[in-house]
Amino acid sequence: MNRVGVFVCHCGSNIADVVDVEEVVAYAQGLDGVVVAKDYKYMCSDPGGKLIKDCIKEHGLDSVVVASCSPRMHEPTFRSVIDDEGMNPYCLEMANIREHCSWVHKGDEEKATKKAQELVNVAVEKALFLESLEQSEIDVVQEALVIGGGIAGIQAALDIADQGKKVYLVEREPSIGGKMAQLDKTFPTLDCSSCILTPKMMDVARHPNIELLTYSEVEEVDGAVGDFTVKVRKKSTYVDWNECTGCGLCAEACRMKDKVPDGFDMKLGDRSSIYTPFPQAVPLKYTIDPESCIYLKTGKCGEEPPCLEACEIGAIDHEQEDEIVEINVGSIIVATGYDLLDPDELYEYGYGRSEDIITNLEFERIVDSSGPTEGKITKLSDGEDIESISFILCVGSRDEEKQTYCCRIGCMGALKHAYLIKEHMGDEVDINLCYTDIRSFGKGYEEFYRRIRGTDITILRGRPSEIKVDPDHKLSFNIFDTLTDKLLEIESDMIILVPALVPSEGAEELARKLRISQGTDGFFLEEHPKLKPMDTVKSGVFIAGCCQGPKDIPDTVAQASGAASRAMGILNKSRLENDPMIAWVDTDLCVGCGVCVDVCPYSARELNEVTGIAEVDEILCAGCGACIAACPSNACIHKNLTKKQIIRMIDEVA
Amino acid sequence: MSEEVENADEEFEPKIVGLLCNWCSYAGADLAGTSRIQYPPNIRVIRVMCSGSVDPVYINRALLDGADAILIGGCHPGDCHYIDGNYKARRKMALLKNILTTLGMEPDRIWLKWISASEGQEFADTVQEIVEETKKMGPNPMKERWNL
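Heads up: the protein sequence lines correspond to chains X and F, in order. Going by our numbering, 340 is the number at position 340 of the first sequence; the sequence numbering is gapless. Going by our numbering, 75 is the number at position 75 of the second sequence; the sequence numbering is gapless.
Isolated chain F, as found in the complex (with noise of 0.2 Å):
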């Protein structure tokens, strides 16, 4: 676990788990890198094959383990580099968003993106806009709440 840096005087920085697919939304955040688009550096990307390999177990974990926000990035509608994974995404997220709320979790700290390769703007937008809406929310409380 990272270390736990709560210090009351600090404002709150909002840790961002980012799953991507390794064909858009991570190429789209490389292109963001090559052009120097600046952005908050809340999120640590994790590179996954596709927007549809994501289990929501790894987000009931993300959230259980203290994370503020999960941003999972696929392609756009019809655009999937394997058929319809991102479709699979979308439903699972809607079905997991759903689930949350009845387990007494906040369904509003996943967000499922659609960013291109050629979207590098888009995705320092998007990390800039969940580090935004994070901070309204203020931290995660699953992990204090659930003791863990």
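Isolated chain X, as found in the complex (with noise of 0.2 Å):
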């Protein structure tokens, strides 16, 4: 048995307002093996360290239990404090009095040092059998694996190939560019958003360290942090991209040509089967949509598809097929971005009821000069003349039914189409815009205002009524405005709906194949909300842009360059150090069963073919456990996590 020394902290008064430290000291010094324990006021604190480190010398200690915060947090702290005397960095055991003990039991302090005490002596009972542990070191594989082609993937890939190391982007639609590629301005300082995006879209083309898989999706993801094996699907586009020159002629041929609803337009306007997104598409080749294709769906188009005559060069095959790229990198960064809520959830808001009430991505298309209408603003239904224009904000956002957390985007992007409105129709066209709170947080935001609030347009306080739908396409609602106390009702010509951001299609199933996690609400799971925003639970999985939660574009390309530096810290490296704290076989104990074998979800056992007793693969194990619950002789063992340890853990405080 070790001999152990136990490090209570007050954590200032987080702990020891609810926690009687110095009883949880003194019940600690009467456990068995415990040779010394102390208490001080913050022992993550460079004293606190000295502390442990001078009775680690002084006490010639063998394992070290510190009773803190949760290990999730000062874990690594502690294995350091106790590595720079010389123990070795596994004989820490941390027992969790702050998270799991004061602050969820305030107010019953009797209570409360009685579970601090009691966890103290589950820590101790492990620290008794912790060993040093060594850990093995595997190759980094120095590459990276960037998903999603929006400005936070576009942003992190060209931070990575600039550092001079490889980088694949994966992009599911043909073209790179993402929602900001759909926007005409952005605000507060009305760039237009192409001007600013295409040439990063360009660079990621010509930059050699990046190799753009677009029109891909990731299938497969294996392996660990510094060597992970990725399976990509190439979707077949039935266009040789190594021919294609993307002259255009295959889709003015095209008979399906402004028969197609567009999705790149919102579906405001029409393509062919045959298609680039928008004319700045990274990179301008064609893709044939399978769902439109008359000659995909049917087998014959005419006597020839007309595209295949068109097409000089001959790049166009209706043959090809899917395609299966397995590539091999030390990091991924998941930049997936964010959809629109579809507001066809929400009946009261009228959408999908009449053509005059669009979402704000809609909008972006009807006034960018190259959208569908050429930037024109008129009625959809009829094409009359617009006289009145209404923005709802907050549509599912803040909203105990649909999502309850904020976009972040609507209130400024709002204040920026109802500066375009006026910009493109002249003060003539009234404006109401119906918000909750105006959030403009941002640099130079409430400056954008201020101005915005400075012109012709009526900004009401409240949340509308159900939007009423006339034949003759005329919309109205009440609105209880609540900085005048007044109900009004108001009649317009259009309705822009602003919706909640929610992650993008397929995040749950991207999740599940990267082994990372989700919030509530969907997003993915920031390790630690606070100081590591960009890592996941999964390590060398890094998040970047709104796939983690809404943001502006200033807060996605500092997340996607702080994401990017992250990755950067692991491909940097030429070796990695692996968590020794996996499987090991009592050689004694195994009859070669194989169960262990069976339940490895790493393939990281196998059964010696000279001996037939059971093996562990050091590099694939990942410390799951689950063998070491199969085994039926007791001869797997989780090295410092021990059936001997649990169950000690458990005699203690059951």
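Please note that the accuracy of each hint is not assured.
Among chain X residues calculated to face chain F with C-beta under 7 Å, some are [to be verified]:
no.	residue
1	Met1
2	Ser70
3	Glu118
4	Gly522
5	Ala629
6	Pro632
Distance ranges between label pairs, derived from CB positions [to be verified]:
no.	chain 1	residue 1	chain 2	residue 2	range
7	X	Asp485	F	Arg36	33 to 43 Å
8	F	Asp108	X	Arg575	43 to 53 Å
9	F	Glu11	X	Lys443	49 to 59 Å
10	X	Tyr405	F	Glu13	55 to 65 Å
11	F	Glu133	X	Arg453	54 to 64 Å
Hints listed in this document are in silico derivations from the structure and should not be mistaken for laboratory results. Since the structure is predicted, the reported quantities are computational estimates derived from the model, not experimental observations. Beta carbons are placed, not taken as given, at the ideal position from N, Cα and C, and that holds for glycine.
Hey, can you piece these two chains together into the complex? The hints should help.
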């Protein structure tokens, strides 16, 4: 049995206000195997660390118990403290008396103190049998994968590539650009969105270190930090992209020309079956959409498909099939962005009941001079002129029935649109903006809000009632303006809804493939909300942009650069140390039944061909413990989390 | 063994052992803490790497030790950090509950719950629920019955 030292932290008043620390120390001193127990105000501080180190020396400790916060918080801190003093860093156990005790049992000091004592007791039982563990090393594949080619993925890929590492950038659409490519202008500077985005897209296309895999999706992810194996499905584009020059003659010739709703234009315009999403697409290559292509659907398109005739270099290949590419990377950045909440889910807003009720993203396409109306704003129902437009903010946001959180871009986006409407149509058009609270938190946002407020628009604070749609395309709703305490009836020719942001389609499947977590809102969960906003629970996998939660473009770009920097921390190493808390086999007990081989999800177990005894591949083993629970001979042992330790822990509290 | 404080005047306070997955439920319990969501102090948490690593022997041991309830916390189906450990846990617990009945032990004292790292409230509510339900069941009689 180890000689154990116990160190109880006050955490200022966080623990000490609820738990009687002195009583915990006194209790710990009486436990078998404990040779010293001390308390200190902040154990994670330098003097706290020194106290631990001095005790290790003075009392010849074999292992250390720190009773403080969650090990998910400070385990690395205290491991390095004991490592400094020459103790193996794995000879540490923590008792979580803050998150699991003082913070959740306020007002019951007696029971909280007793619980803290028992949690210390449990930790000591484990610490008695902690052993020194040695880390094995793996070679790092110094290449990265970025999933998602919006502004976040573009920025992350460029940052890594600029630092000399190869990046695979996977995007499921035929072009990179994401949502930002669909925007007309950006707030609050009113930069032309594509003017600032396309140079970056071109940088990606030209960069020698970036391999672009568009119209592709991640199928399968295996391995661990430093050495992931990823299968990517390159969906068939039915066009040989090595040959395609992007001339567009095929799209001109297509029988479906101007008959297929254009997704990039939010289905407000039409395209051909063979298409590029937008003129600045990267790569500028054509793709046949199999859902609308007459030839792909029926096997026949006239005598010969006109696209084949039009393409002089013969790049079109209706027989092309999907291809699975396997890539090997050391780190992965996820930047899969967001979708708008479908306002169809909220009947009261009338979306779908009138063509003149649209979303803000649809309006971006309308106001864009390269959009389906070439920037002309008229009623979509009958093409008549518009006299008034209303904005409804927080559609499904900050709403207990839908998404409880703020979308963070709706207010500023609507103010931007109000400005653009005035710019395009002059002051004759009436604008009503119905908001909950204007959130103008970013740099220059408040100034922009004041500027727009000073123009001739009506700002109403309240949530509208159900929108009524007249047969003559008049829209109206009631709103109680809480600023003037008046119930108003508003008539409008067009209503622009500002819906909540939700994780992009497929986020759940991707989370499962990557073994990362999602929050209750579906956005990918960061390792720590304050201090590790780009990390995930899966080591080596980082998140950037709106896939982590709604954010504006500046925050997205900043987070993408941050995630790239986190990934570079791995890619700059040639070797990485493995977590040594993995399985090993007691060869005296193993009978070679092979149950462990069957249950191991990582193929880390094998029976030795000569001895028939089970072996553990230390690189592949992830330390999940499935084999430990399955082994009928008790021959599988989880290093530093043995059955003996767990049972002794249970005995103390049960 | 922890001290026996069986006072007839005092209300029965169940002893609950929690075996929580490091990646989800343990972190969920942490989140309950950082969010200061209060719950009864009856649970003692032991951190495991995966609900799939929980040997049924641990549960029998806890029951024989006199634990009034046991919570095994894992990731939601499909979300296991180790691919499918939670499914293994689910199968094991289903079998164990069957066997316990034939051994004259009470399977209702075993709670298998999926609590993610973002579900601090869910964790607190779960502990509350287990405490309430266990109070209705009364103390675990195994220790006495087996004369341990």
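Enumerated hints in conflict with the structure, sorted upward | Hints 1, 4, 6 and 10 are the ones this structure does not satisfy, whereas the remaining hints hold.
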